[in-house]
Amino acid sequence: MKTKRGAISKDLPKLRSAEIQLLERLCNAISVSGDEGEVREIVLEQVKPYADEVKIDALGNVLVTRKGITRRSDTRRLRVMLAAHMDEVGFMIVNDEGEGIFRFGVVGEIDSRQLPGHAVKVGSDHIPAVIGAKPVHLVEESDLKHVFPLDDLRIDAGPGNGKGGKIKVGDWATFAIRFKRIGPSLRAKALDDRVGVASLIELVKHAPANIDLLAAFTVQEEVGLRGAGVAAYAFDPDMAIVLDCTPANDLPDWHGEENIQYNTHLGAGPAIYIADRATLSDPRLVRFFIETAEVQGIPYQLRQPGGGGTDAGAIHRRRIGIPSISISVPTRYPHTAASIARFSDWQNTFSLVYTALSKLTSEVLAGER
Amino acid sequence: MKSLIQKLVEIPAPSGYEMQIRAAVKVEIEPFVSEVKIDPLGNLIAHKDAASGGLKIMVAAHMDEIGIMVTHVDENGFIRFTNIGSVYLRTCIGGRVRFLNGTVGVIGIERTDNRSEVPPVEKMFIDIGAAHRKDCPVRVGDVAAFDCPFLDMGDRLVAKAMDDRIGVVVLIETLRQLKKTPHQLYFVFSAQEEVGTRGAITAAYALEPDLGLAVDVTSTGDTPKGVKMDVSLGKGPAIKVRDTGMLSDPRVVDWMVRIAQKAHIPYQFEVLENGSTDARSIQIARAGVPSGCLSVPCRYIHTPSEMVDYSDVQNAVRLLLELLSGEDKPF
Amino acid sequence: MKELMSFLKEMISIAGLSGYETPIRQLIEESWRPLTDELHVSKVGSLHGLQKGEGATGSRSTESGPRPSILFATHMDAIGLMVTGVVDGFLRVTEVGGLDPRVLPGQLVIVYGREDLPGVIIQPPANLLPNVNPDAPVSINHLLVDTGLLPQQVSKLVRTGDLVSYAQEPIEFSDEYLAGHTLDNRAAVAALTYCLELLRKNRHAWDVWAVATVQEEETMAGAVTSTYDLRPKIAVAVDVTFAKGPGVSDYRAFSLGKGITLGWGPNIHPTLHKMVKELADKLEIPCHLDPLPHRSGTDAYGMQIVAEGVPTVVIGIPLRYMHTPVEMVAIKDIQRAGRLMAEFAMQLEPEFVVELTGKCRQEVEGML
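Chains as they are written, first to last, in the numbering used here: chain A, 1272 to 1640; chain B, 4 to 334; chain C, 74 to 441.
Simulated from the structure, these hints should not be mistaken for lab results. Quick caveat, the model's predicted, so the values are computed rather than measured. Accuracy of the hints is not assured; some may be wrong.
[What the hints assert, rightly or not] Pairs of lysine-lysine, DSS-like flavour, derived with a Cα cap of 25 Å:
| # | chain 1 | residue 1 | chain 2 | residue 2 |
| --- | --- | --- | --- | --- |
| 1 | A | 1405 | A | 1416 |
| 2 | A | 1630 | A | 1405 |
| 3 | A | 1439 | C | 331 |
| 4 | B | 231 | C | 331 |
| 5 | C | 229 | A | 1392 |
| 6 | A | 1439 | C | 355 |
| 7 | B | 182 | B | 5 |
[Stated by the list, open to error] If you want the ones that stay clear, here's a sample from chain A, every Cβ over 12 Å from chain C, calculated:
| # | residue |
| --- | --- |
| 8 | 1332 |
| 9 | 1340 |
| 10 | 1365 |
| 11 | 1371 |
| 12 | 1410 |
| 13 | 1422 |
| 14 | 1538 |
| 15 | 1571 |
| 16 | 1579 |
| 17 | 1590 |
| 18 | 1637 |
For each residue, glycine too, the CB sits at the ideal point set by N, CA and C.
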């Protein structure tokens, strides 16, 4: 059931309703850092028919190999690692206080102002629960100026779920919002990084023949890029491309002035990273991706250098060093209950990475960094 | 040595963009080494002869400096930026930067209500004299180093990027003067130290040395109401006991003391409570590498006017030569 | 248990700050020599002790095929202080490892200079300190150590970089509880030693590496380098965890003497956690779940991501007043930990492979 191999196809695979449905499944799954099983199962089901090798390592990363085809005996195929992280930010139940009330810890970075008053779902059975908040009638005027202290928030599964009920300490939970397509947009929790996972699944299915594709569906990115480094060590690739999401903070400025800290713009295409806090992208790869986009007429943007980090941060420091770059889908409101991305950005990101892969040769890394 | 110091400190090469300094270093060291390689992260790795026996020693000084990277060019040609490495924002105000393409700019700040506060980096900008975005020869992602000319005060030398071009010079000078050694020596001019000792991680992994020695700057405690630290300018190179990233191997510290005493080279003990060096990454490479650090005392680190004492630099070279050429080993 | 108590008291009376573990390492080496087949020291000073397993063929001496190994890591380094300068005979200090400076004033210490010197940590009068609230806690860089010697004596005996440790002597409470400094993590070293004793008398298929790691309190340099060196199939970090006590009562703390803990979270392999928990239940060893949604704060954090990754487990021994000179532990909990570790190692079959169960299938074409 593998895709036909032969000349590099000029027809870019398109993302259609089947791919959107897969993204929906991925976004609705619960896979918080350290508990990626649900997404892992979907990934395995999808890549199995196409892969030459599939391995699950000690941390739960899914490592997929799709070998290319060598045309001439004197060229060595480039070993290209691609990474997308399966985990999302969320919560872990840390204490059962009885009568269905549970204390929880936050896994990954979530602004605590995004928590009160939200619906969540818990555990492998997706048990519904809520993070409540004190009624405003009972709140002092002066308290309104302060954030609800994280220590005071609780997950409430209703009195029937008391001690000995279905939710246990150690269960993981996420926001409960379900995926929805709205016009040009996709709205869901965990677009970061199910969009990357979905793209990577498609790249495995349509892997170009000129390279060895080493696909790493990584774990625990949100809690310190933990999975990517060990995956990179195992693959020992020539280079790495990370598929992630990055915030689009392109909202209007209060005073109507130019917004100069937008990070990326929604609808402006895949975001190419020059630098974030964890990685200084290899300039050779930055040039290569920009040239590829311009020659192919694929819209692209440069993510504003600055904070943040992706799996590339862990990958590029492994072994003797791995030239790396990140290409992300711009996403509004990541790490909240409802993030929004444009379908066109996802399609263009996929197109750019697919095209770049099919044009990759060892020439890209020939010069000095 | 002073002209070499001047030549190297004035090159702009922030972390990740070390091309120009790397090319300059390569020219200086090529006559003295048997092999020069550049690795995937941009480290320059030089192998001194093909000695066998002794210890495999990795000596590292970082080529990169702190700097800035452009995040946005506005409609009127003003440039917004973010830091590369730990930049003290208060040193930016009124400062100058030099981009890799030679463009020079001035750092200005937005008006704030409280004039005595240092504004955050989002309220700063660079003015290169362009009137419009389209006239600006600088784009998002371009990098610049701080710009401040070298100053020779006689005993004291001042420049930006003494951290760690002075270490680079110590390595080059050592290579020049090294006559013989019982060890296999690898001189690593590392990349991306200022953003987390990244180059040292991969270089140490590749080399698998028996012993690691970083050569970097360290702070001093000899300025008015400054940090209380037992290192002063002019009292000799410092032997690092610990910093925030590592504890030097006691055997390496004892060895460095022993050699310094035997050769009558002045030295000081360094406990640094703010900062670290490549040695921290070398120490935890693979199955572990006993490591230490030879420090050049430096005032005003991470400002555009870092100051070292010339005799400290000369003594650092002497000490490194003695350490690398003698039969006395740390273990 | 008299032997355990006296070994532990001996261990917490000897120096071994992070980076300078030689004295404690030598003591542990003596104890482990009769309990191991091989003993060596890593490049950065960790102690590696090997008890060979019998493999699939049931004989310790066979060389056929590499045996899988399990690594137990207990850090042997201690927190303390380091001299940053000598002023008029007084010593300025900084911390080694993390501690709350509010427990320092008046503490007796030992200064490891050219000789071991007794000292006291003193709180200077507020008028001699810059711009401080006279009632506020004095920060560590303002505290001083007074050795009772004259300045000219001090300058000959002490220098920048010298180490300072707590001098608090062990306090025994009946034969059940012990208080003193550095029970973090010498209590776990005692547990591991007990585990080695039990393993010596029983059969086990897997090789067992007992590793006393260095520098956990500062850099985890020992844990990551030993794991890279030894490449175990399973790595277990045994460390102290928080015991309930005055001011510490929430879900992060556990009753003293009422059992040990098993970590749960991203730093712990879920399959291994379940195996160890089931074993503890079978052996009637009280074992509580320690939810760790973030990092575990133990060597396991470093070990888990070495090379291609290692499945990790975290076992906790409850301890009151962590990182003070009067930490308190229950001897019974130490024995429980040691026993659980030994039994776990003993039950590992030669062909056992750690898998991720639950929502994950590993039956893929061509793979295990």
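Verification of the supplied hints:
1. A:1405 to A:1416: holds (14 Å)
2. A:1630 to A:1405: Violated - the C-alpha atoms of residue 1405 (chain A) and residue 1630 (chain A) are around 57 Å apart, more than 25 Å.
3. A:1439 to C:331: holds (21 Å)
4. B:231 to C:331: violated (47 Å)
5. C:229 to A:1392: violated (66 Å)
6. A:1439 to C:355: Holds - the C-alpha atoms of residue 355 (chain C) and residue 1439 (chain A) are around 21 Å apart, at most 25 Å.
7. B:182 to B:5: holds (22 Å)
8. 1332: Label violated. Min Cβ-Cβ 7 Å, cutoff 12 Å.
9. 1340: holds (19 Å)
10. 1365: violated (4 Å)
11. 1371: Holds, since 17 Å exceeds 12 Å.
12. 1410: At about 25 Å from chain C, residue 1410 (chain A) clears the 12 Å cut-off, so the statement holds.
13. 1422: violated (9 Å)
14. 1538: Check passes; 35 Å lies beyond 12 Å.
15. 1571: holds (33 Å)
16. 1579: holds (19 Å)
17. 1590: violated (10 Å)
18. 1637: holds (29 Å)
When the structure is compared with the earlier hints, violations turn up for hints 2, 4, 5, 8, 10, 13, 17 and for no others.
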